[in-house]
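Number of protein chains: 2
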Amino acid sequence: MKRNSRADVIETASRLFAEKGFHGTSMRDLGGELGLLGSSLYSHIGSKNELLVDVVRQSAAMFQKLADDVSASVEPAPKRMFQLVRGHLNILVNDPYQAQTFLNETRFLPPNEREIAVKLFDHYQKTFHKVISDGQDAGFYRNSMDVHLAANLILSLLNGTTRWFRDNGPLDIGDVSAEIAVLLGSGLSSSKSIKGL
Amino acid sequence: MKRNSRADVIETASRLFAEKGFHGTSMRDLGGELGLLGSSLYSHIGSKNELLVDVVRQSAAMFQKLADDVSASVEPAPKRMFQLVRGHLNILVNDPYQAQTFLNETRFLPPNEREIAVKLFDHYQKTFHKVISDGQDAGFYRNSMDVHLAANLILSLLNGTTRWFRDNGPLDIGDVSAEIAVLLGSGLSSSKSIKGL
DNA sequence: CCTACCGATCGGTAGG
DNA sequence: CCTACCGATCGGTAGG
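These protein sequence lines are chains A and B, in that order. At position 169 of the first sequence the residue is numbered 169 (the working numbering), and the sequence of numbers has no breaks. At position 34 of the second sequence the residue is numbered 1034 (the working numbering), and the sequence of numbers has no breaks.
Calculated directly from the structure, the hints in this document are not laboratory data. Since no wrong hints were added, every one of them can be taken at face value.
A few chain B residues that don't get close to chain A, going by computed Cβ distances all over 12 Å:
(1) Gln1058
(2) Pro1096
(3) Asp1167
Across the chosen pairs, the derived CB separations fall in these ranges:
(4) B:Ser1005 / A:Asp29: 30 to 38 Å
(5) B:Arg1028 / A:Asp172: 42 to 50 Å
(6) B:Lys1119 / A:Asn168: 21 to 29 Å
Only a predicted model underlies this, so the values are computations on that prediction, with no experimental measurement involved. All C-beta atoms, glycine included, are put in the ideal place defined by N, C-alpha and C.
Produce the entire structure from the sequences given, and follow the hints as far as they go.
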């Protein structure tokens, strides 16, 4: 019977929030998973909201770091795009519970905290906009493409993987990112031939 | 002050379930939106679970019908793929609350009902598998592509649109499906040139 | 981290 | 559709 740290509580909370949702997880549920009573959690944390805040912040920091790294890169746009795709998938796979909580439960944060997360995600999206835009300027990507729309579609595709990708499944993250690379690569290319559609 | 029908209750429930989640919506919340008390809802419905069951079933029926229509089609694979994409987007846009509840809250159904929904979605996915597989056999799509993975990626992309697509936004569903068509079209083509990645 | 609680809110019912 | 409830569960606190 080992003692639980605050980090243990947050980690387990992220799993339960991902699996059963923030509102579907009671403090007694969470305590039960850690082998203690719900009321005992309050020696580690101040409130249930605080748990969600911490999980979302941790996840947000991951995406923030990726955005910073890619923004600092001087590689050609398609390579930076692959860095984003690969890095984004890595974040989702490394801590799927944290990522799912970020993606699905951020809306349940208190308003001020939610705004911070939304702004951070906007900034993250801008990294995609920049890469796509640079790719157009350099002739890699179609100029006809709506930059915001393309970014939204790519992010949708990436975030959706949390719904079906399993780390112990038949595919590894390399398979998935390679397939996405091909899918996006050809689809984003300036020279393309659309057939049949 | 008009009376509410059972259909009104379900429709409003789908909106609240989409916005605040199943567990984040109380019967008193729902009653409040309809101008009555939470307890008064029970003259229209039997339980809160029943509301979720009904919303999910309605949405599931939409996807079921699309799958049946496309399965009955004898068009070339790329055209059927576009029917799926366009039809799927139409369902999401026509009733975004219902669709979001289907996508996000199905997991909170009672086990037996959840299994039904999962099976139905599996069947829906198989429609994508068939189209992709046919497209490979007919030489439209790369044979190297993993059919299940491609279907998952396409569905991720489509379902993710519920997070950002707004019916009154600058883009209409035609813009979005056209962009997706180009993205998928070239990316799925058997003749392609990957550059830079 | 537990014991022993608290007021608030939950889904739901009986009866009109 | 309301009045008047019900037992269960919620997030959280005081004190050890």
